[in-house]
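Here's the letter readout for the chains.
2 protein chains.
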Amino acid sequence: MEVFDAAELWSRERIAETQLTRLKATLAQSRKCSFYRERLDEAGIGPDSIRSLDDLRRIPFTTKQDLRSQYPTGLLCVPPSEIVRMHCSSGTTGTPVAICHTQNDINAWADLMARCMHMVGVRREDVFQNMSGYGLFTGGLGIHFGAERLGCMTIPAGPGNSRRQIKLAKDFRTTVAHILPSYALILGEHLRNMGEDPRDFPLRIALVGAEPYTEEFRKRIEELFDMKAYNSYGLSEMNGPGVGFECLEQNGLHIWEDAYIPEIVDPDTGEPVPDGEVGELVMTSLCRQGMPILRYRTRDLTRFLPGPCVCGRAHRRMDRILGRADDMFIIKGVNVYPMQIEQVIMTFKEVGQSYLILLENDGIGDVMRVQVEIRDEYFVEDMRALQSLQKVIAQRLRDEILVTPRVELVESNSLPRTEGKAVRVQDLRAKK
Amino acid sequence: MEVFDAAELWSRERIAETQLTRLKATLAQSRKCSFYRERLDEAGIGPDSIRSLDDLRRIPFTTKQDLRSQYPTGLLCVPPSEIVRMHCSSGTTGTPVAICHTQNDINAWADLMARCMHMVGVRREDVFQNMSGYGLFTGGLGIHFGAERLGCMTIPAGPGNSRRQIKLAKDFRTTVAHILPSYALILGEHLRNMGEDPRDFPLRIALVGAEPYTEEFRKRIEELFDMKAYNSYGLSEMNGPGVGFECLEQNGLHIWEDAYIPEIVDPDTGEPVPDGEVGELVMTSLCRQGMPILRYRTRDLTRFLPGPCVCGRAHRRMDRILGRADDMFIIKGVNVYPMQIEQVIMTFKEVGQSYLILLENDGIGDVMRVQVEIRDEYFVEDMRALQSLQKVIAQRLRDEILVTPRVELVESNSLPRTEGKAVRVQDLRAKK
Ligand SMILES: [Zn+2]
Ligand SMILES: [Zn+2]
Chain A
1 MEVFDAAELW SRERIAETQL TRLKATLAQS RKCSFYRERL DEAGIGPDSI RSLDDLRRIP
61 FTTKQDLRSQ YPTGLLCVPP SEIVRMHCSS GTTGTPVAIC HTQNDINAWA DLMARCMHMV
121 GVRREDVFQN MSGYGLFTGG LGIHFGAERL GCMTIPAGPG NSRRQIKLAK DFRTTVAHIL
181 PSYALILGEH LRNMGEDPRD FPLRIALVGA EPYTEEFRKR IEELFDMKAY NSYGLSEMNG
241 PGVGFECLEQ NGLHIWEDAY IPEIVDPDTG EPVPDGEVGE LVMTSLCRQG MPILRYRTRD
301 LTRFLPGPCV CGRAHRRMDR ILGRADDMFI IKGVNVYPMQ IEQVIMTFKE VGQSYLILLE
361 NDGIGDVMRV QVEIRDEYFV EDMRALQSLQ KVIAQRLRDE ILVTPRVELV ESNSLPRTEG
421 KAVRVQDLRA KK
Chain B
1 MEVFDAAELW SRERIAETQL TRLKATLAQS RKCSFYRERL DEAGIGPDSI RSLDDLRRIP
61 FTTKQDLRSQ YPTGLLCVPP SEIVRMHCSS GTTGTPVAIC HTQNDINAWA DLMARCMHMV
121 GVRREDVFQN MSGYGLFTGG LGIHFGAERL GCMTIPAGPG NSRRQIKLAK DFRTTVAHIL
181 PSYALILGEH LRNMGEDPRD FPLRIALVGA EPYTEEFRKR IEELFDMKAY NSYGLSEMNG
241 PGVGFECLEQ NGLHIWEDAY IPEIVDPDTG EPVPDGEVGE LVMTSLCRQG MPILRYRTRD
301 LTRFLPGPCV CGRAHRRMDR ILGRADDMFI IKGVNVYPMQ IEQVIMTFKE VGQSYLILLE
361 NDGIGDVMRV QVEIRDEYFV EDMRALQSLQ KVIAQRLRDE ILVTPRVELV ESNSLPRTEG
421 KAVRVQDLRA KK
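Protein sequences, first through last, are from chains A and B.
One point on numbering: in UniProt numbering, the residue at position 345 of the first sequence is 345, and numbering is uninterrupted.
One point on numbering: in UniProt numbering, the residue at position 38 of the second sequence is 38, and numbering is uninterrupted.
Since the hints were made in silico from the structure, they are not lab data.
Please note that a few of the clues may not be correct.
If chains are identical, the list can't say which one is meant, so a pair holds when it fits in one copy or spans any two.
Unchecked claim - Lysine-lysine pairs mimicking DSS-like chemistry, simulated, CA-CA at most 25 angstroms apart:
{"no.": "1", "residue 1": "64", "residue 2": "167"}
{"no.": "2", "residue 1": "391", "residue 2": "24"}
{"no.": "3", "residue 1": "349", "residue 2": "391"}
{"no.": "4", "residue 1": "349", "residue 2": "332"}
{"no.": "5", "residue 1": "170", "residue 2": "64"}
{"no.": "6", "residue 1": "167", "residue 2": "391"}
{"no.": "7", "residue 1": "170", "residue 2": "219"}
{"no.": "8", "residue 1": "24", "residue 2": "167"}
{"no.": "9", "residue 1": "167", "residue 2": "349"}
{"no.": "10", "residue 1": "228", "residue 2": "332"}
{"no.": "11", "residue 1": "332", "residue 2": "64"}
{"no.": "12", "residue 1": "228", "residue 2": "32"}
{"no.": "13", "residue 1": "391", "residue 2": "332"}
{"no.": "14", "residue 1": "64", "residue 2": "391"}
{"no.": "15", "residue 1": "24", "residue 2": "228"}
{"no.": "16", "residue 1": "332", "residue 2": "24"}
{"no.": "17", "residue 1": "332", "residue 2": "170"}
Generate the whole structure from the sequences, applying the supplied hints.
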């Protein structure tokens with residue numbers, strides 16, 4: 001197996017040994033800001049408290065609220081002059097979260113990202129089109145630096161502007177793209193409207209992530225473009241992209257455990273859940289100098305996939321993100337994740353490219369409507385067939401989420417489109 | 001004098017010597033693409049033809065049309081796998097121009113950009129906010145890489161969104177910004193509307209460029225923010241920013257002659273103009289491997305400033321860009337550059353922050369109207385004073401451009417604002 005760097009193939013033992021060493025160093029580094037120093041002191045964790053990886057659990061969690069409280073630079077663990085980059089969340093709601101990086105941090109991040117791309121066969125001969133927004137959002141510069149580090153011809157196309165994306169990809173024979181899954185569909189539609197077959201497009205690999213989508217959805221865009229789509233996971237608090245990535249097996253995302261310690265905990269109790277069970281991902285950075293972060297509560301729901309990966313890499317795999325702890329909505333007393341609904345409806349061949357979940361209150365109680373686009377070839381005038389499909393979808397949804405929604409079949413392209421993250425849920429219920 | 005690298009202080013002799021060596025190497029490199037090989041062969045220029053820098057003039061010019069004709073990769077002089085970055089013009093009109101860079105090209109570009117910033121006192125302790133668009137436009141990534149190379153804390157803020165720009169700059173105590181001159185005014189207005197004095201803003205240095213503006217305009221934004229604004233020059237065909245930059249003297253832009261050979265020629269004849277006379281800037285890249293470009297006709301009008309710079313650097317200085325050969329408009333048979341008009345009106349203390357040139361045809365002949373915003377304190381109801389000001393401005397304009405325009409004084413903030421490049425001329429004449 002050709003690998004980008006040695007750490008990619010480390011054994012479980014070597015990984016664990018390195019994690020322990022780096023965790024100790026990270027703890028020492030984190031104490032250089034008063035926030036962590038005080039918090040670790042309160043928890044009674046001194047320089048010699050960590051003797052094994054199990055001691056990790058003694059370290060208090062860091063929440064998004066903690067990061068906000070330390071905005072802008074409360075968590076800095078190096079002199080400000082050592083910082084070469086700041087990324088921050090858009091901050092449209094409340095205080096933003098800012099993450100500051102040293103040159104070493106940036107280099108290590110680029111290496112991890114290059115390792116992800118190399119793992120799925122991206123090479124310096126590839127032409128890579130980055131359809132992410134640049135600027136403060138980490139998906140742009142983060143992946144850009146990784147692709148250049150790997151030596152790809154990197155096209156910083158930025159988001160949107162389908163006509164230009166298509167022209168660039170054709171003119172430069174783009175083989176690899178970083179693209180939002182929902183935008184891949186839009187691009188495919190655009191090509192079809194131009195009378196072209198997206199399968200003739202030169203793309204062979206897509207890096208996808210940044211919004212939730214199902215396995216069915218992934219298969220759909222893979223078939224649409226005759227390419228492979230690999231799931232990417234990252235969050236700006238842990239640099240950005242490059243945290244976890246699928247190998248060629250497409251069976252879970254390897255988390256780079258030489259750079260991070262992942263845990264999965266019960267979102268309510270904070271206690272670890274057994275391997276294979278869904279919970280909230282918690283991450284500790286191991287290589288960051290500028291702003292190390294300990295046991296960060298990501299709010300992302302996933303599970304560890306048990307057993308070793310066929311590919312031979314020992315870095316633990318997590319499942320695709322199954323939702324956000326915060327995206328959950330409650331209807332008729334039941335917890336529902338939008339992803340559960342998508343997973344059901346996308347198994348129907350009649351279903352088109354978009355859907356929308358509407359939560360309403362009809363004066364008596366909560367009502368969930370699910371609007372589902374139906375492909376043109378099935379949207380015939382045979383009312384009986386459509387009614388029957390509607391009924392089957394509603395039943396399958398009830399089986400999954402224990403609530404019976406009102407399913408409405410709509411024509412393809414009739415639901416609102418967006419070039420950014422797709423909006424899947426509209427909660428129109430009056431706030432209580 | 002503290003300098004970023006040794007080449008910054010090279011003597012005239014050392015520069016000339018290096019230029020000759022690098023010109024020969026660049027010619028050899030350029031022959032690796034058939035376009036230049038054929039063109040040089042046609043001109044009878046072989047590997048040994050260049051014996052002195054004067055032989056440069058025997059090399060044919062390269063025009064934007066040439067670059068377009070070779071889109072996308074006709075000018076590539078390395079194997080495609082050596083390319084790590086592509087930048088290209090937006091291509092909204094006609095075929096775009098694409099420039100491909102190797103890793104060495106990117107590194108050399110970042111070094112030049114860092115040298116520019118270092119020259120005006122930017123240091124790793126500074127916080128640098130890049131208000132340029134990222135992506136394919138070189139002002140984003142080009143300056144970003146330079147700032148990180150210098151070790152500044154770089155905030156990739158991107159363009160627009162004044163509220164966020166102000167919040168970031170305040171929260172991180174931004175000391176240096178890359179900003180469009182017209183946007184600096186908008187930001188200042190925004191601060192004033194918030195009831196704040198822009199002079200209390202932490203900015204101490206601005207890198208400005210990318211759109212034409214006058215010395216008066218520069219002084220105005222310097223006073224507005226109590227900062228220094230340094231003119232930056234670059235064009236994507238020669239990498240992007242980092243080609244020329246003002247030193248602390250603010251008296252012309254040093255062109256980095258270890259990396260480029262600049263010439264100034266008559267735009268019509270292509271013959272060199274005497275030092276100090278205005279003409280079209282022609283540039284030859286000396287360090288580029290991926291896509292060397294020989295004697296590129298920039299269409300930018302400027303002149304060499306004669307004599308050595310007080311700062312001691314021997315790299316030749318050019319004047320600010322005095323216009324685009326293509327921006328020129330003809331009215332009543334006279335060639336006029338918008339910059340000539342701005343230079344005149346901005347000398348009046350009564351004049352506010354914006355103006356607009358309207359070219360119309362009243363059925364009899366061409367008419368030029370110049371709408372000029374007047375500061376609130378002067379926009380009094382004393383009609384006589386305003387009429388007299390109107391007349392004086394018209395006379396001064398006639399003296400400069402030999403045509404008498406119709407001058408209209410308007411209230412401040414009444415002309416359309418844009419967050420991108422300011423639109424200064426509207427040609428409403430029917431096309432002939
Ligand atoms: Zn694997
Ligand atoms: Zn100087």
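Status of each hint after checking the structure:
Taking the shortest alpha-carbon separations for residue 64 and residue 167, only the inter-copy value of 20 angstroms comes in at or below 25 angstroms, while the best intra-copy value is 40 angstroms. Taking the closest pair of Cα atoms, residue 391 and residue 24 never come within 25 angstroms of each other, the shortest separation being 57 angstroms inside a single copy and 76 angstroms across copies. For the homomeric pair residue 349 and residue 391, the shortest alpha-carbon distance inside one copy (15 angstroms) is at most 25 angstroms, but the shortest distance between copies (75 angstroms) is not. Neither within a single protomer nor between protomers do residue 349 and residue 332 lie at most 25 angstroms apart by alpha-carbon distance, with minima of 29 angstroms and 68 angstroms respectively.
In this homomeric assembly, residue 170 and residue 64 come within 25 angstroms of each other (Cα to Cα) only across copies, at 22 angstroms, whereas the closest approach inside a single copy is 42 angstroms. In this assembly of identical chains, the alpha carbons of residue 167 and residue 391 never lie at most 25 angstroms apart, being 43 angstroms within a copy and 52 angstroms across copies at closest. Taking identical chains as interchangeable, the C-alpha atoms of residue 170 and residue 219 lie at most 25 angstroms apart only when both belong to the same chain, with a minimum of 23 angstroms there against 46 angstroms between chains. With identical chains, the CA atoms of residue 24 and residue 167 are never at most 25 angstroms apart, being 50 angstroms at best within one copy and 36 angstroms at best between copies.
Proximity of residue 167 and residue 349 under a CA criterion of 25 angstroms is satisfied in neither setting, with 31 angstroms inside one chain copy and 49 angstroms between copies. Taking identical chains as interchangeable, the C-alpha atoms of residue 228 and residue 332 are never at most 25 angstroms apart, the minima being 39 angstroms within one chain and 62 angstroms between chains. Taking identical chains as interchangeable, the C-alpha atoms of residue 332 and residue 64 are never at most 25 angstroms apart, the minima being 29 angstroms within one chain and 65 angstroms between chains. Proximity of residue 228 to residue 32 under the C-alpha cut-off of 25 angstroms is found in neither arrangement, the shortest distances being 44 angstroms within a copy and 35 angstroms between copies.
Within a single copy, residue 391 and residue 332 get their C-alpha atoms as close as 20 angstroms, which meets the 25 angstroms cut-off; across copies the closest is 75 angstroms, which misses it. Taking the shortest Cα distances, residue 64 and residue 391 never come within 25 angstroms of each other, neither inside one copy (42 angstroms) nor across copies (62 angstroms). For the identical chains of this complex, residue 24 and residue 228 are neighbours neither inside a copy (39 angstroms) nor across copies (46 angstroms), given an alpha-carbon limit of 25 angstroms. In this assembly of identical chains, residue 332 and residue 24 lie within 25 angstroms of each other by CA distance neither inside one copy nor across copies; the values are 47 angstroms within and 78 angstroms between.
In this assembly of identical chains, residue 332 and residue 170 lie within 25 angstroms of each other by CA distance neither inside one copy nor across copies; the values are 50 angstroms within and 46 angstroms between.
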